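Chemist: Chains as they are written, first to last, in full-length UniProt numbering: chain V, 1 to 290; chain C, 1 to 290; chain G, 1 to 290; chain L, 1 to 290; chain B, 1 to 290; chain E, 1 to 290.
Check the hints yourself; a few may be wrong.
[Unchecked claim] If you want a taste of the chain L side facing chain E, the calculated C-beta under 8 Å gives, among others: (1) V69; (2) D221; (3) G227.
[As the list claims (entries may be wrong)] Computed cross-link-like contacts, SDA-like style, restricted to lysine to any residue with a CA-CA straight-line distance of at most 20 Å: (4) L/K14 - C/F81; (5) E/K177 - G/I53; (6) B/K100 - B/P127; (7) G/K192 - L/R64; (8) V/K290 - V/E57; (9) G/K177 - L/E283; (10) G/K86 - C/E147; (11) L/K200 - L/Y126; (12) E/K184 - G/P60; (13) C/K177 - V/D68; (14) V/K184 - B/D63; (15) B/K100 - B/Y126; (16) G/K177 - L/I53; (17) B/K120 - B/N166; (18) V/K290 - V/E201; (19) C/K192 - V/E65; (20) B/K14 - V/Y144; (21) V/K120 - V/L90; (22) C/K290 - C/D63; (23) C/K125 - C/Q23; (24) C/K14 - B/E178; (25) L/K70 - L/Y7; (26) E/K177 - G/L62; (27) G/K177 - L/Y7; (28) B/K192 - C/E65; (29) B/K177 - C/E67; (30) C/K125 - C/R209; (31) C/K86 - L/F3; (32) G/K192 - L/P60; (33) V/K125 - V/E93.
Since the hints were derived computationally from the structure, they do not count as laboratory data. Everything numeric in this text was worked out from a predicted model, so none of it was measured. The beta carbon of each residue, even a glycine, is placed where N, CA and C say it ideally should be.
Protein chains: 6
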Amino acid sequence: MRFDEAYSGNVFIKSHPSYEDAQAVLYGMPMDWTVSYRPGSRFGPSRIREVSIGLEEYSPYLDRELEDVKYFDAGDIPLPFGNPYKSIDLIEEYIDSLMKDNKFPLGMGGEHLVSWPVMKAVAKKYPDLAIIHMDAHTDLRTDYEGEELSHSTPIRKIAEHIGPKNVYSFGIRSGMKEEFEWAKENGMHISKFEVLEPLKEILPTLAGRPVYVTIDIDVLDPAHAPGTGTVDAGGITSRELLASIHAIAGSNVHVVGADLVEVAPIYDSSEQTANTASKLLREMLLGWVK
Amino acid sequence: MRFDEAYSGNVFIKSHPSYEDAQAVLYGMPMDWTVSYRPGSRFGPSRIREVSIGLEEYSPYLDRELEDVKYFDAGDIPLPFGNPYKSIDLIEEYIDSLMKDNKFPLGMGGEHLVSWPVMKAVAKKYPDLAIIHMDAHTDLRTDYEGEELSHSTPIRKIAEHIGPKNVYSFGIRSGMKEEFEWAKENGMHISKFEVLEPLKEILPTLAGRPVYVTIDIDVLDPAHAPGTGTVDAGGITSRELLASIHAIAGSNVHVVGADLVEVAPIYDSSEQTANTASKLLREMLLGWVK
Amino acid sequence: MRFDEAYSGNVFIKSHPSYEDAQAVLYGMPMDWTVSYRPGSRFGPSRIREVSIGLEEYSPYLDRELEDVKYFDAGDIPLPFGNPYKSIDLIEEYIDSLMKDNKFPLGMGGEHLVSWPVMKAVAKKYPDLAIIHMDAHTDLRTDYEGEELSHSTPIRKIAEHIGPKNVYSFGIRSGMKEEFEWAKENGMHISKFEVLEPLKEILPTLAGRPVYVTIDIDVLDPAHAPGTGTVDAGGITSRELLASIHAIAGSNVHVVGADLVEVAPIYDSSEQTANTASKLLREMLLGWVK
Amino acid sequence: MRFDEAYSGNVFIKSHPSYEDAQAVLYGMPMDWTVSYRPGSRFGPSRIREVSIGLEEYSPYLDRELEDVKYFDAGDIPLPFGNPYKSIDLIEEYIDSLMKDNKFPLGMGGEHLVSWPVMKAVAKKYPDLAIIHMDAHTDLRTDYEGEELSHSTPIRKIAEHIGPKNVYSFGIRSGMKEEFEWAKENGMHISKFEVLEPLKEILPTLAGRPVYVTIDIDVLDPAHAPGTGTVDAGGITSRELLASIHAIAGSNVHVVGADLVEVAPIYDSSEQTANTASKLLREMLLGWVK
Amino acid sequence: MRFDEAYSGNVFIKSHPSYEDAQAVLYGMPMDWTVSYRPGSRFGPSRIREVSIGLEEYSPYLDRELEDVKYFDAGDIPLPFGNPYKSIDLIEEYIDSLMKDNKFPLGMGGEHLVSWPVMKAVAKKYPDLAIIHMDAHTDLRTDYEGEELSHSTPIRKIAEHIGPKNVYSFGIRSGMKEEFEWAKENGMHISKFEVLEPLKEILPTLAGRPVYVTIDIDVLDPAHAPGTGTVDAGGITSRELLASIHAIAGSNVHVVGADLVEVAPIYDSSEQTANTASKLLREMLLGWVK
Amino acid sequence: MRFDEAYSGNVFIKSHPSYEDAQAVLYGMPMDWTVSYRPGSRFGPSRIREVSIGLEEYSPYLDRELEDVKYFDAGDIPLPFGNPYKSIDLIEEYIDSLMKDNKFPLGMGGEHLVSWPVMKAVAKKYPDLAIIHMDAHTDLRTDYEGEELSHSTPIRKIAEHIGPKNVYSFGIRSGMKEEFEWAKENGMHISKFEVLEPLKEILPTLAGRPVYVTIDIDVLDPAHAPGTGTVDAGGITSRELLASIHAIAGSNVHVVGADLVEVAPIYDSSEQTANTASKLLREMLLGWVK
Ligand SMILES: [Mn+2]
Ligand SMILES: [Mn+2]
Ligand SMILES: [Mn+2]
Ligand SMILES: [Mn+2]
Ligand SMILES: [Mn+2]
Ligand SMILES: [Mn+2]
Ligand SMILES: [Mn+2]
Ligand SMILES: [Mn+2]
Ligand SMILES: [Mn+2]
Ligand SMILES: [Mn+2]
Ligand SMILES: [Mn+2]
Ligand SMILES: [Mn+2]
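I would like the entire structure built from these sequences, with the hints used as guidance.
Modeler: Written out as structure tokens, the structure is:
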């Protein structure tokens, strides 16, 4: 006899009460143990849920309401602290089960490394999967200080797994020289600094294809997302990010899963970033889950 | 024998010492008791005054100085805590007296509900009043959880009072579906997302008319106004808001009163929002009080 | 198929999965709408749960572990925003059901007014109920600005309901002169400033009696509990409050319910107060639920 | 026609409306320009006034109410930024006028240097003045980096002015070796670390004498007063400071003026220090103004 | 035997170990004693160094790496607290030595006044020096409250020293009417509000000339730089500032020195401003030191 | 040609310029990668150095000045991020070198695990070493989630290494039941809750023995040390901790090394904890290095 949680802040606002007939499943991946600089994203999913109760249920951008989509907030995947190997195995396993049940996976990080096992699991079902990646950072390292499981490696891993030509990065403004060179040499797409304009050019070329979208909140300028571990000046506005989500929604790609990662509440004065994340998730749900 | 307060932070900087020969009267409405999510705007007016001492007295936008306008800061209207009914009566009564004395009323909120009795009082004097409303939110609800006096209802109230066709909302990016529909069906103007461009189109149609301007600080993006109760991503910049104030100043409308509401210091790291509000008020005084 | 929540921060750590065989029920009362000065305690229960995952499960004070007590965290009672009348009715109704099911009610506020309907419901079952009240404030007003439902009135209400002689306040360092006088004239016990020593003197006189304990976190000095609406210097240490909880645990009174109220996360730098509250709740559970 | 300010936060709560029949005058000295480490106390007086509206008007310590004393809050003395010489002249001049009018001067800093001109002015009227000084720091330097007007010199200055034997410092836990030696060699009293116990011993020796009390808020431990420029561990509790104020109130000394300095809002999370300062001022008013 | 400091946060990341063969010298000027409103920039240089360890060493804007430039971080110039006269003498003396050794001076403030002695020293070596100044403020006062050494005077001083026609200000949105008029009358260039576009127009006219660039971080909008003493709405984005640095790098001017001033960590929630400053310094080093 | 750093905040205040003739060596161990709950202590050492410039150089407790002890601040040991194995090897190696050079090692954490390799290295030189451990937590786990290198295991490791009978823990108020039982069964000393009184009883029994003292800042109550990862109510005051340091200084034990760990600046509003840590280090240097 728990109180109904739809507006409690324990689940994302208006979470559907049952898994079975949900189209999409929202889940948290509270892991930040490979983060080198400023950890804290492990608390991201719970804070996003907490502030989601302040969210308006209607999107004037998409003219659609939260009750038009059935999504189930499954809570946070329990991950073993400090063990990235076991953590990514558990995530992959969970996404495998969602894929089997034909659910749209909508993940909340945690650090960006969590996207790697998710994308791997989604690629099993969709062999010609393409990745749309929005981030300040290339995330194309092979390793960080000798460790291949790092929040700076997930895009390299998926690029090697499904082929660099199938990965499209946008808004990148930071990385090692070697990472940019590797991308160039291997035919991976990188749009530096901008998101919306290059995205609009590329979307038609992906028409009909299954696409997974992974958004690192730090693609936003620190003005728009102070609450993340690695703030980096010169980013895009939340308005451009919203428009980019809507551009994907209005295109002919087939979004088959998505995530939003790296929200870190401890650096988030005024809870501005968590609120923005909760609005972005609403638009992702309403625009991409069909 | 109180010390002169012109630069004390207890009044808005350079407040004229007497009410009698002032053109404009600045007053606070420290009420936030109908706020559902994050209260705190009751402390807005006093913090804006406090930071106003850091304000330059000259506007390079308008080439005008504070001493070119005589305004009297009357302090905060004493409002009975927790009682919105009596509070709005007291506000209306006070504005009635300002109208009688031919003062330009320039109000500081407090929650947005405080604008309702002000607009009502101003409309008594100016029967063909138009409202320019800048906000992230429609504020067109008939009630909130059954209560008609709520910070989500003031625009509905004034729209029904003076006719929806006389109300022009700008920058709106949040609201219930029903609110947008009601506006549409009743001929009320709503510009979604943008302020400056649609405003420039509409101003000529209002030439010569008396206009009251109500600005909810959350029309700004959270990057520009973190210090408010309901932050909502995708807003405009402070630069666009300044330009909008100047567009009105340069038009042929007759501004007969204005307010700036919803500044909440507790969420305002670096006092950024209070400082911005104090600059906006300077531009409103210099641009609109003639 | 929700993930197990025992360590998720959505429930108090190690919450038992079922209501039926639980001895105690933990519940939140997220209400702060009668608060005059600094609201925010509505977010107290969820933040206490969130930080409870950092809590050690063993008490070296009591040599007892959380798994020695079966408690069920029921979540937050959904309360109608801004309506104290309906809110307290809903709380009373819920506690009535807990009483019927022979559960130990352990509440988390919210503002102190929420204790009034709880105590009233508990008193139905235990007619000779005594109240132990720890607070910086008397909370003995008849009304606040004419409103009888206020966070400054709950102790007056219960005192009039069960008789002032059955109410024992400790640690009081703030109130109106009239409140102290009313207490004195009506035989109600008030220990000013101190908690532990006077409590030790009074506990033997209550031996065998059913006792409800209501703790306002502001009984602690602001040094120990900055995260509350009404900080008031000169309070007790968290060490004295822990010892007071243990003194009750070691006495012959029969604790039949309890609450901890007024934690307000927005003022709680370093989450110190929420962490303290979560430790206090552990000691209350382990010391008082038998 | 300004609104009544008694509860506005612009004056200390319940400030009497007129200077003429006030017993005491409260005034701010918003100066911090000689501060070497962390400035910010210039904003102390206004924040103390702002939070004073949350203060209970009755003291259960002294069984006295604010309306039992007539005090007038004169606002902040306008001081020329960056010019300590002219600032202290202006302060001295103002206190001279208060002395002439037989007002009890109750000052709010600002940095501790502001106490020097006040004490000098008070000493003109009371030639056998004694000083009670509570502080973490000796403040006995002759100069700081060659500058004799520094917040580390006021006690040296008054000690040389009225004779070191008439100065009694309490709670001192920081200073240069030379300062402690100078005090010893010149017969000035310093109680290291403790306040209440040594004060109780000394008060009888001062019976009947005019005494000025200067309290640096940093005499409190940083736990009790984080909001000050120079936090220094190992200080006293707010409880001990309250008891010390009451000890003076209950003694036979004749308090002829007092101040409370060094509150710096920018470091004051939860406004804990400002709230404590406002309570201390209430007790000083009720205990010392007779 | 100190540990290598290249990644310690005690020096700017990858600082070259020796002064002798360095092309550029980075140094801090931790002075803020003439600041009237909100001091704190004296801690700017050390915080910028601290966060620089999170900086990527490669610039995707300039396709250049930090190891492509040899720069030596000399630490902070020890400045006598509270004494602006001696401080600026010490700064000038130090820059004289850098000029003699043919080093590119790259300074970190501190308040803007520190740029005055630097520019004076650089002008000795380069008689036809031009100044590019980016700021929210004119900084053209002759004095502040009678004091000619103020953070509002450095541009006036250098303009009078090398001739107003050689000074180009960009992004100005605040100042006294007299300052704008003085600039106009004396042929000094001021671009109001904008930086990038007017800069692009002016750079060709400066081709071949030695240029010193002084950037006040408050040229950025408060959204992009909350961590400064004088936040002023309506500023440029960090993206525009980066592009402006790159425009200079790509032009034919000969940058002979530069500084970045007014970062104040105490107002810098999420350390956003310090991180931005560290990125700007990387771009200045990679773009301007050749 | 670096500027002298003695007062720069880059080294602990008044650090001696050379290693060779220093009695003590101060060093940072910026590691927090095994921390389960709230990381951030990796930034502790640099913040402690930064605030140390505000420290008075004389101790009125010990009547000794910093220049009476020669200590060299070596900076932070460069530790490989995310690799606790290699990190503790590097630390041990460094302490070995200090031991060989007869330096008194004074370490700053970082998480508590860093003390393990230090104590191991010190024990090589002093076979009959005893450990004095002050902490809120037992730190006696064999592993955390299967990982033996965790900040909850260092005391278990040293206890097993030198024999549990040689380890004395004080102030412990948190831990698993098994940890307390293991201590009891193996003759290790644990003083629950208190530090000063039990310490005074035990010091005579250690007379003449070499002792290493490891202080976890969380032994302080959260009121006195909010800036740490695991705040736990009911701790001791900074006054008791200072007195405990002085009690050791005044005893006949032979302190041969010490550390202070777990200061985490991100949670440290007002920099209170860093300031306290810097004062504690001064007292440790002046009291223990002879
Ligand atoms: Mn990423
Ligand atoms: Mn990223
Ligand atoms: Mn509104
Ligand atoms: Mn709004
Ligand atoms: Mn209460
Ligand atoms: Mn209370
Ligand atoms: Mn002092
Ligand atoms: Mn002091
Ligand atoms: Mn400037
Ligand atoms: Mn500026
Ligand atoms: Mn420990
Ligand atoms: Mn610990």
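Chemist: Please go over all the hints and tell whether each is borne out by the structure.
Modeler: Structure-based check of each hint:
no.	hint	verdict
1	V69	violated, 32 Å
2	D221	holds, 7 Å
3	G227	holds, 7 Å
4	L/K14 - C/F81	holds, 18 Å
5	E/K177 - G/I53	holds, 17 Å
6	B/K100 - B/P127	holds, 15 Å
7	G/K192 - L/R64	holds, 15 Å
8	V/K290 - V/E57	holds, 17 Å
9	G/K177 - L/E283	holds, 15 Å
10	G/K86 - C/E147	holds, 13 Å
11	L/K200 - L/Y126	violated, 23 Å
12	E/K184 - G/P60	holds, 13 Å
13	C/K177 - V/D68	holds, 12 Å
14	V/K184 - B/D63	holds, 14 Å
15	B/K100 - B/Y126	holds, 12 Å
16	G/K177 - L/I53	holds, 17 Å
17	B/K120 - B/N166	holds, 13 Å
18	V/K290 - V/E201	violated, 23 Å
19	C/K192 - V/E65	holds, 17 Å
20	B/K14 - V/Y144	holds, 18 Å
21	V/K120 - V/L90	holds, 12 Å
22	C/K290 - C/D63	holds, 14 Å
23	C/K125 - C/Q23	holds, 17 Å
24	C/K14 - B/E178	holds, 18 Å
25	L/K70 - L/Y7	holds, 15 Å
26	E/K177 - G/L62	holds, 11 Å
27	G/K177 - L/Y7	holds, 19 Å
28	B/K192 - C/E65	holds, 17 Å
29	B/K177 - C/E67	holds, 12 Å
30	C/K125 - C/R209	holds, 13 Å
31	C/K86 - L/F3	holds, 17 Å
32	G/K192 - L/P60	holds, 8 Å
33	V/K125 - V/E93	holds, 13 Å
The structure fails hints 1, 11, 18 (numbered hints given earlier, in ascending order).
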